[in-house]
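Asks: As a plain string of letters, each chain reads:
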Amino acid sequence: MSRSRLTQSNRAGWAMALPGFGLIAVFIILPFFFAFGLSFTNQRLISPNPTEWVGLDNYRQLMGMGVLTLEPERDDEGTLIRDEDGALAYPRLRNFTRGNPDYAHLDGMREWLSWSWGENQVVVLARDVVFMTAIVNTLTFVLIVAPVQAALALGLALLINQRLRGINIFRTIYFMPVVVSIVVVSLLWRFIYDGNDGLLNNILSAVTFGAFEPVDWLGNPDTALPAIMAMSIWQAVGFHMVIWLAGLQTISPTLYEAAEIEGTSRWQTFRYVTWPGLRNTAVLILIVITMQAFALFAQIDVMTGGGPLDSTQTIVFQAVERGYGKQDISGGSTISVLLFLLVLTISLIQRYLTRERN
Amino acid sequence: MAQIDPSNRGLRLAVRYAVLVLIAVIFIFPLVFMVVSSFKPDQQLLSDTGSLRAFLPVGDISFDNYAAAFQRAPVRLFIFNSVLVTAVTVVLSLLVCSLAAFAFVFLEWRGSGVLLSIILATLIVPFETIAIPLLLMVNQLPWIGFDGLSFGWLNSYRVQILPFVADGLTIFLFVQYFRDLPRELIEASRVEGASWWMIYRRIVMPLAGPVLATAAILKFLVMYNQYLWPLMVVQEETYRPVMVGLQYFFQLNRAWGEIMAYLSLITLPVLAFYFVLQRAFISSIASTGVKG
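In the order they appear, the protein sequences are chains L and U.
According to UniProt numbering, the stretch in the first sequence is residues 1 to 358, in order.
According to UniProt numbering, the stretch in the second sequence is residues 1 to 292, in order.
If you are wondering where the hints come from, they were derived from the structure by calculation, not from laboratory data.
It should be emphasised that the depicted structure is a prediction, and the values quoted were computed from it without experimental measurement.
Incorrect hints may have been included.
[Stated by the list, open to error] Some, not all, of what chain U presents toward chain L, calculated at C-beta under 8 Å:
hint : residue
1    : A24
2    : I28
3    : L31
4    : F33
5    : L99
6    : I124
7    : N139
8    : A166
9    : R190
10   : M243
11   : L246
12   : T267
13   : I282
[What the hints assert, rightly or not] Here are the computed lysine to any residue pairs in the SDA-like style, where the Cα-Cα straight-line distance is at most 20 Å:
hint : chain 1 : residue 1 : chain 2 : residue 2
14   : L       : K326      : L       : G305
15   : L       : K326      : U       : L154
16   : L       : K326      : U       : Q140
17   : L       : K326      : U       : N139
Beta carbons are placed, not taken as given, at the ideal position from N, Cα and C, and that holds for glycine.
Make a model of the complete structure from these sequences and hints.
Replies: Here it is, written out as structure tokens:
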């Protein structure tokens, strides 16, 4: 028998691959395409009415935006009207966003951002301000957590890669939070971040001999998201430390020996031996962290529920709140599609930026 | 370079260890706090947070919180559910994914290249982006059970198990591993007339120990820690897993001691498992990255 005849078998091949491929097709590929399809409908989880095709309505509802430049109010002679504090008076937004036929495209929108431009005021309106906030929060989370976590993980990996007695004990400890559920971790940190009896406040006040003013970390819109970032990094950094470590161990020791003979400094060794050897690992880690960071949900659900003042709303939290909480499957699916497109775009950009340059 | 005298070296060693220990404290203190607090009455638990006593098992130490936690929620049931769902998924996943990988690596058949590419492409689809349409799907899927045909998978074990049996990463890990096995071994057995199933069972699987451990550990971590999915598809207590069961401790009067006891109860077995198998745990995470 020839070699190819030996290993050729359409029937056996399909039979063995089918259970795995079938499950993936049903539970990953099918819902993936459903998400796109459903985002053009008004599907609900349970509804007496038949599902209708609504085109891009869901996307307009989520992403609809408009810009309005408000000119300050003037009296009949054309001088600016100021209130007793000297602030300019502007026409009310609802004159434009509530049934104004000249501004039909802004109908139903709410103020998202605004700033002064000369004496005018520029207002950015959004149809769904909460979702806009969720996108900004998620992107902030990803853009801060991905590089910081990757860098800290590399630092830890370099630290653990030393030849020291008992180093494995430290590796075991640094990795420990990874095996603990993020739900458990989030609950514990809620206690640590507590405004009254929280451990963090107590530690900070002990370190500064009482000079530190207690902060309600999760109750304050300015600190809630950073607090969740810090905790997320704490939990996951060991994961990426281990991947860096695996990358470090693929670098040939002879390269380091050569560097030592050349008498290079520590920084030079890192820059010219270690870092080039870690290129592929770096690309992988960045993509993995980015995907994990975009999926931010459990921390929010357990710690803040999106608050305070929507400062910790995220895309996945919004998708679940609509798709499951309000049983609005089409709205949740639309958010899922937008999330996927965002993840894809960022991954492609990362791929491009870290591409092999010849 | 400057001469390194012994005392200088000793000092540098001490600094290195000090840094390592300091970082270790950062990683370990919340977990120590969790376990220690689970033995304290609420009042003392809260007052202890002001000092180092928060991390020491001192004062009024007892198992009362554990007893109260079992009183408050069907903890045994939750643990049983999680263990069942996790164990069944891990076993099925190892079987299904290794079989598929076996077919992709050792057999030549029409469509294998395309199928493998499709499977690997699913790696860029985070579960969170398909969860909502999947929720609609499982709400309408048919099932044939002892009581005949029924529709809707909500509130069941199967809805927690079947979507997670096959995944691109696990198949990828098996494919990577099988590619390094000697093909001559398989071809020789074919010449001797062994069936594909025999080769899979008698030759390849006995050699697959390391990758089986890796795949099992990764799946175990994912499944035991499931939260988003069971939150949506399991409303009935009967099928609720441990992480969703936490909600019981936030209703009505919140008792921190009981929460800490419950957290310790569902976390310590995993940590014990990790400490025993830490080399396997760490190398399983590492292997997701080496060849990626």
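Asks: Next, verify each hint and record whether it holds.
Replies: Evaluation of the provided hints:
Satisfaction of the interface hint for A24(U) is found here, the shortest Cβ-Cβ separation to chain L being roughly 5 Å, below the 8 Å cut-off. Interface restraint check: I28(U) against chain L, minimum CB-CB distance 6 Å, threshold 8 Å, status holds. Because the closest C-beta pair between L31(U) and chain L is about 7 Å apart, less than 8 Å, the hint holds. Given hint, F33(U) at the interface with chain L, holds; its Cβ is 7 Å from that chain's nearest Cβ, closer than 8 Å.
Restraint check, L99(U) versus chain L: the minimum CB separation of about 5 Å is within 8 Å; hint holds. At about 7 Å, the closest approach between the beta carbon of I124(U) and any beta carbon in chain L falls short of 8 Å, and the interface hint on this residue holds. With a least beta-carbon distance of about 6 Å to chain L, the hint placing N139(U) at the interface is held under the 8 Å criterion. At a threshold of 8 Å, the smallest CB-CB gap from A166(U) to chain L is about 4 Å, leaving the interface hint in force.
Hint on R190(U) holds. Least Cβ distance to chain L is approximately 5 Å, under the 8 Å limit. Contact between M243(U) and chain L, as hinted, is supported at the beta carbon level, the nearest pair being about 5 Å apart and thus within 8 Å. At its closest, the beta carbon of L246(U) sits 6 Å from a beta carbon of chain L; the interface hint therefore holds under the 8 Å criterion. Checking T267(U) against chain L by beta carbon gives a least distance of about 5 Å; that is within 8 Å, so the hint holds.
Of the supplied interface hints, the one on I282(U) holds, with its beta-carbon coming within about 5 Å of a beta-carbon of chain L, less than 8 Å. Among the hinted pairs, K326(L) with G305(L) is consistent with the structure: their alpha-carbon atoms are about 15 Å apart, no more than 20 Å. Restraint check for K326(L) and L154(U): the C-alpha separation of about 17 Å stays at or below 20 Å, so the hint holds. For the proposed pair K326(L) and Q140(U), the alpha carbon gap of about 18 Å is at most 20 Å, so the pair holds.
For a cut-off of 20 Å, the pair hint linking K326(L) to N139(U) stands: about 15 Å separates their Cα positions.
In summary, this structure violates none of the numbered hints.
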